[in-house]
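There are 2 protein chains.
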Amino acid sequence: MTDKDSKLYNIDRTASAGYMTNWAARLFAREMDRRLKPLGLSTGHLPMFFALGNGGALSQKALTEFAAIEQPTMAATLSRMERDGLIHREPDPDDGRSMLISLTPLALEKFPAVREAIDMLNEKALGALGEDERNAFLASLAKIVAALADE
Amino acid sequence: MTDKDSKLYNIDRTASAGYMTNWAARLFAREMDRRLKPLGLSTGHLPMFFALGNGGALSQKALTEFAAIEQPTMAATLSRMERDGLIHREPDPDDGRSMLISLTPLALEKFPAVREAIDMLNEKALGALGEDERNAFLASLAKIVAALADE
DNA sequence: GGAATTAACATAGTGTGCTATATAACGCAT
DNA sequence: ATGCGTTATATAGCACACTATGTTAATTCC
Numbered sequence: 001m002t003d004k005d006s007k008l009y010n011i012d013r014t015a016s017a018g019y020m021t022n023w024a025a026r027l028f029a030r031e032m033d034r035r036l037k038p039l040g041l042s043t044g045h046l047p048m049f050f051a052l053g054n055g056g057a058l059s060q061k062a063l064t065e066f067a068a069i070e071q072p073t074m075a076a077t078l079s080r081m082e083r084d085g086l087i088h089r090e091p092d093p094d095d096g097r098s099m100l101i102s103l104t105p106l107a108l109e110k111f112p113a114v115r116e117a118i119d120m121l122n123e124k125a126l127g128a129l130g131e132d133e134r135n136a137f138l139a140s141l142a143k144i145v146a147a148l149a150d151e
Numbered sequence: 001m002t003d004k005d006s007k008l009y010n011i012d013r014t015a016s017a018g019y020m021t022n023w024a025a026r027l028f029a030r031e032m033d034r035r036l037k038p039l040g041l042s043t044g045h046l047p048m049f050f051a052l053g054n055g056g057a058l059s060q061k062a063l064t065e066f067a068a069i070e071q072p073t074m075a076a077t078l079s080r081m082e083r084d085g086l087i088h089r090e091p092d093p094d095d096g097r098s099m100l101i102s103l104t105p106l107a108l109e110k111f112p113a114v115r116e117a118i119d120m121l122n123e124k125a126l127g128a129l130g131e132d133e134r135n136a137f138l139a140s141l142a143k144i145v146a147a148l149a150d151e
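Chains A and B, in that order, are what the protein sequence lines are.
Under the numbering used here, the letters of the first sequence match residues 1 to 151, in that order.
Under the numbering used here, the letters of the second sequence match residues 1 to 151, in that order.
Bear in mind the hints are in silico, worked out from the structure with no lab data behind them.
Owing to the predicted nature of the structure, the values given are computational and were not obtained by experimental measurement.
Just so you know, not all the hints are guaranteed correct.
Treat identical chains as interchangeable: a pair holds within one or across any two.
Straight line, CA to CA, 25 Å or less: simulated DMTMM-like cross-link-like pairs of lysine to aspartate or glutamate [to be verified]:
#	residue 1	residue 2
1	143	132
2	37	133
3	124	92
4	37	150
5	61	82
6	143	133
7	110	131
8	37	94
9	124	70
10	110	90
11	143	90
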């Protein structure tokens, strides 16, 4: 392989938004899982806390759209959460196909600790960013999500 | 639950850098996997293309540090890549514990298509961001990675 | 030089994501 | 009212991330 070819087969990964976003997300998830583990929780549970933390109930379908994951992923996560006593599933009286999901008291009482873990980790991650930079970062993420979510 | 409690148990996930980063990363990975699948590749292979695309060889240990994943994750990914004929493993003559890993010709010939997939997807994701905003986004990500990577 | 520690890699088990496909209830249209 | 397409959920199988632990080679320390 010549030098020219070698240069051709070279990419600076730090210039790839996708690579860097994945990297940051892995670090976020790794650290968040470590902080949630003592609570008996993990990162996959977070969308349910966001969506059902007010004590309400939603169908699996609605949760799937809210979390923006595929349906079988949601079904598996809910099965584990039910196994661990974190959610309650009951048949929707208006639709025989649908299940209504709500957080159990056990899960609801963990909510303040979950929020603290989220806030502490975000603070650790964003410590080197100023107020304006944080807002710009979140705004960019929102644009990226919007651009990739259309289908 | 009173209204006050309800408000207490509420978080705006779009204001959480960790949540939004995870969301964007899932969308990136989902779309990248769809584009890499016809090539017989997937997102987990990308660090090896970045690190070994010049035709060189590195130990599993060095690859693990480069990719910033845990050692068993790297071992499993390399096993799949070896199974699929994408990498070659040979014993390090200088260290009986170590294996030297390199991309096979089959993998190297896919390199241009990999780079195109990366570039196209980044362009799709960042389409709504201006030049300055893209640079700021990448700079913020680098700071976040640095803040979370220290251990 | 031999014992103990360290380092590199492998294996086991689990969680969370994906695709593909099956099952059962709903709803519309004839 | 029935038959058929659509919708909600479940299941199977895989990739890739993690932790915990085992194995073997190298290194360090008397």
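These are the hints, each one checked on the structure:
no., hint, result
1, 143 - 132, "both (17 Å within a copy, 14 Å between copies)"
2, 37 - 133, "neither (31 Å within a copy, 36 Å between copies)"
3, 124 - 92, "neither (42 Å within a copy, 39 Å between copies)"
4, 37 - 150, "between (34 Å within a copy, 20 Å between copies)"
5, 61 - 82, "within (16 Å within a copy, 39 Å between copies)"
6, 143 - 133, "both (15 Å within a copy, 11 Å between copies)"
7, 110 - 131, "neither (29 Å within a copy, 42 Å between copies)"
8, 37 - 94, "neither (37 Å within a copy, 41 Å between copies)"
9, 124 - 70, "between (30 Å within a copy, 21 Å between copies)"
10, 110 - 90, "within (22 Å within a copy, 50 Å between copies)"
11, 143 - 90, "neither (36 Å within a copy, 45 Å between copies)"
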